[in-house]
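Asker: For the record, the sequence lines run as chains A and B. Numbering follows full-length UniProt numbering, in which position 526 of the first sequence is assigned residue number 526; successive positions increment by one, without gaps. Numbering follows full-length UniProt numbering, in which position 368 of the second sequence is assigned residue number 368; successive positions increment by one, without gaps.
Any given hint could be a false lead.
In this list, chains with the same sequence are indistinguishable; a pair is considered to hold if it fits within one copy or across any two.
Said to hold, decoys possible - Computed list of lysine to aspartate or glutamate pairs in EDC-like fashion (alpha-carbon distance at most 16 Å, straight line):
hint : residue 1 : residue 2
1    : Lys-465   : Glu-433
2    : Lys-637   : Glu-198
3    : Lys-501   : Glu-208
4    : Lys-610   : Glu-198
5    : Lys-182   : Asp-624
6    : Lys-166   : Asp-638
These are calculated hints, taken from the structure and not from any lab test.
Protein chains: 2
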Amino acid sequence: MPGGQPSEKSANSKQQDNQTTDDPNFDPIVDIVHDVKSKKPNAQIHAGVEPNVFQTVDKALSITDHFDFVVTPISKSESNRKSKHLDMRHMMVKNCIQGTDMLFRTSSWSNVVVGKIDEQAFHILADSDPSNNFEIYQKVQLIFEQELQWASHLSLPAVLLPSPSKQNVVPFAQLLHRAVSKCGYTNIWIRFQPDQWEEWNQVRIICEHSTKISPILELPENLPERDSQTERWFGEPIRGIVLDKNLFQSDYSLSTKHAFLLQRSFKFDIQVILRGTTNVDELFNMRSYLDDLKSQLPPLTEVELFEKPYWDYLQSPLQPLMDNLDSQTYEVFERDPIKYKLYQDAVHRALVDLKNQSSSSSPFTVMVVGAGRGPLVKASIRASVQSKIPIKLYAVDKNPNALVTLYHFKKTIWSKMDVTIIHSDMRDWNPPELADILVSELLGSFGDNELSPECLDGAQRLLKKGGISIPCDYTSFLSPLNSAKIYSEVKTFVTSAKPLKAFETAYVVKVHRGMCLSNIKKVFTFVHPNPELDVKKYDGLDLHLVPDNSRYTVVPFTVMETSTMHGLIGYFECTLYKDVMMSIHPKTFSKGMFSWFPIVFPLATPITVKKGEELNVHFWRNVDKGKVWYEWMVHNKDTGFVTPVHNLNGRSYKLSL
Amino acid sequence: MPGGQPSEKSANSKQQDNQTTDDPNFDPIVDIVHDVKSKKPNAQIHAGVEPNVFQTVDKALSITDHFDFVVTPISKSESNRKSKHLDMRHMMVKNCIQGTDMLFRTSSWSNVVVGKIDEQAFHILADSDPSNNFEIYQKVQLIFEQELQWASHLSLPAVLLPSPSKQNVVPFAQLLHRAVSKCGYTNIWIRFQPDQWEEWNQVRIICEHSTKISPILELPENLPERDSQTERWFGEPIRGIVLDKNLFQSDYSLSTKHAFLLQRSFKFDIQVILRGTTNVDELFNMRSYLDDLKSQLPPLTEVELFEKPYWDYLQSPLQPLMDNLDSQTYEVFERDPIKYKLYQDAVHRALVDLKNQSSSSSPFTVMVVGAGRGPLVKASIRASVQSKIPIKLYAVDKNPNALVTLYHFKKTIWSKMDVTIIHSDMRDWNPPELADILVSELLGSFGDNELSPECLDGAQRLLKKGGISIPCDYTSFLSPLNSAKIYSEVKTFVTSAKPLKAFETAYVVKVHRGMCLSNIKKVFTFVHPNPELDVKKYDGLDLHLVPDNSRYTVVPFTVMETSTMHGLIGYFECTLYKDVMMSIHPKTFSKGMFSWFPIVFPLATPITVKKGEELNVHFWRNVDKGKVWYEWMVHNKDTGFVTPVHNLNGRSYKLSL
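Please build the complete structure, drawing on both the sequences and the hints.
Answerer: What follows is the structure, given as structure tokens:
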């Protein structure tokens, strides 16, 4: 299942009994987790109940339907833990974990309960300087490790921790990092308020970007001023949003700002954790409001439904020059409802212009280079039919498998058209005549990254002087990207033999959990026909006399929000002909088109960038005899920080010519 | 050859002919490299000479004796390279490298000539914005790659480049980095002025700390204000210092500041490159002054001579608990002229104090735990003889090989003394009586890092209540360390299977090319007898009732100079008894002692730190049932930057109990 946001929880709920929970054993700090995205079938808990903290699990589950799990303490909170002077030697005996693991079956534990670590212990840690109060530090460590081991023993999916104080991030993170390597299946969730992003960032770095440690976003009454301060959290692997009852107004609605934020979070399938009450009616009202809020979201469009399985799923860019595309790939491309309409419009406009300039009545020659299974041939034919301007068509492709279909169409639907099918690489074919219009679809997500410049330069000799190339030009774009999700996906590709390779490779990916950290800026532009080829002559003697499609540019960015930069996200814009544009740049996106996802160039080591800092992204497109490759690096002009050059000499990632 | 600074050049010189060089073919930008550290035997160049740039090599070698190599252009500088609008296509033909590789034999090329890359080309690069002048950039790249390939073809040991401008560090470094991976044996030297450290630092990072790229320090007339601004260069892999003739006064002497800097550099065997004249007399006068300057340095002390082979040579700390020391190790330790004298003084002082407090006339019981081949036994006996206070001596060791020697001494030189030899681990031995004095030498370079606390806690039951432990206490110290040399040495230990391990291991090393970036600060102190053991009782039931030698502390440092931090350098101070101190802390060093080199805790990724920044170093000493290990990390309080925790859970480096 590519790119989907897997829910950690499976179904659980119990018959609602609607009684209020005035049971004195009920622990009011139990949080009830509400998964707003689905109503799951019931499942019974196979366990008895003992009158202690575990009763809260049972109680919590018994009071309500449709809540997916509870967050509950997994040990009895001991008042003596509050004492900073407690002798550690006594603590181990007194604080032994209450209850028994036989209350529920493992499948219940692992589906229903998120363990809450003794918060008191961490508050003590937060208040003290652990390097001066080493016993406190050791005590918290012991409590935490015991509880985490117990949680792990119960196969709990996660435990929840309070956030560190600003002063205690390091010892806090080190405790976690040390413990997490021993706790098997259980993950660690840490509550953060939106303005605690830097603390989270430090925790993450100290813990070496462990995927077992995730933030939970706790919404305060006053949300941060800038939306980007909350928005950046959606690039983080947040596992849930905590909503306290006091955020809700008397009619159980939220402020506009809170509501907007929640709606954003629903797009990422982020769970909601309701807190601050055990009153069943209140919980239901809160939940009901959230359900309403979600239902107000427009349903996913057809394109979004198509894209959803690919959210944050990394794909390698195509190498159509080296490999022949398969049938399935052609099929996906051909299904795009927008792209070929744009091509048809472009050919139409070009034909009309040619007709207006020409006195001859003979048909115009259109060559489709890289015809594949014919979508551009069809678009050209439609343009000709619609404009009533006759054309003579050549369909050129090097893929013998595509040829089968092209010949089939020639015999059937194109039998009345002047279509000639040529089995050749466009760079080698010797045409019987030159083209008025050269039509191609060689663009990748970054424009030139599937070697369109090299192919079209090679095919330019097929075009009459003054002839038209469709596309006429294309430009690549970049922005610094924040996406811990993408970073952790890239990390899964790392091998010990080539530890840098995965981070020096570009990926085509529909980035879902991520954010641009600056405006999107132009990188390279290529124009066809290539004006360099008009001026300069081939003499066949010197390799350097072929047009040079290598590039180097420095793109300046201003950081919009203090965040982590995990790489660069790239797009393209393309002029098919005159004002017929095709774009995956978010601001000029060709609505409804789904042929291209953005491209991502990762950074080997994520870098922390601060609001207002000026970054220079250095970007190279390199060409040698056999290959094309990109290199990239980041220079922080404010701090002087530089990254190494990524993908030097194409050592990790190259496009073969 | 551990740790020495290998000279890249072997001997070469030629008969002096003392003629001035008014030859019109002589290129005045030839630099003559003078190796001040040695006079090497003559060697003839086996080559004829052609009248072009290579003649300068011959000329340069012919004019003077004792110069080790020349820095000379390896291609003819073409005036048309200065044009920014030159058509690249012509350049390749015109700029072909002049001369032939048959002028000299390869052994001469590789020993005598450092190639000077066309500086004009790099000046053009420095003056232009390469992202806007891509042709210039490509041209410089081409020139550079051609020249570097030619240099590589000639097996030149190095080529010399001018420094980048502040604006062009990135394209400059990328050119280098790209080319260097292709140039085989040949290294790249870049000239920097002392105030260009940040540019060098960026080049180094962009080039992934390549060991093939080194700086050459070019001294300006006005040296930087703070000595640390030049001093930090000695932590860098600088390959030479360039001295222009105009730095010399009319009597061919240098300013005091320049002279001092040169003398510092001689300690690191850094080569000197003389420049700015081809007048033989002038060159000789300059050289003669430098020889004098060097001769003014005091000769190496015996300790320095002993240490020299170990400069910057990484050793693993001993694990005496786990391994038995071998004879050679014992021998090295026993040769220390200071250490055992200090022990003797301490035992002497302790015996006198005991005698003064005691009314009994029976001998005092001295136990040497970890007696090895007996140096502490000897020191104790000398103390007893000297103080005329009789002692009864137990020599305890677990190493059966050491026992052989102890028994030999007992039969021979100690035959009249009351010495009992015990073959046992000090933690297990059941003594027939308790000791008045417990003598041990279990300290490592970081004090506690050879598990002295654990051993002495285990041996404390051998000591009478109120008895004396020698040593009484010890304290470890740390400072942030700049040393590219140490970093590159650590890098040589990196394996692809465990890429972090080498960087998470401590090394014992006599850091030579390096600098402390802040004052040296206290870390942990251990006291013996351990007062915790006096208060707390064993009950055999709970592991946690043994004394806890784990520690955690946060050590603040203020950065004294903008530089790169490659790790932490550690020392110890120890009180043997009362005011008998033993120390490897630079400020309190026990002069003449050579038993311990400092310890280095590396950082996996060097970090750039700026003058005045506040760093918090978090340092842990962790103990579990089977092992002791350190963890460390750095937090820059000014920028919020944190490193990961190093050596988490002792995954890379541990001391076995």
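Asker: Run through the hints listed earlier and report the numbers of any the structure violates, in increasing order.
Answerer: Those not satisfied: there are none.
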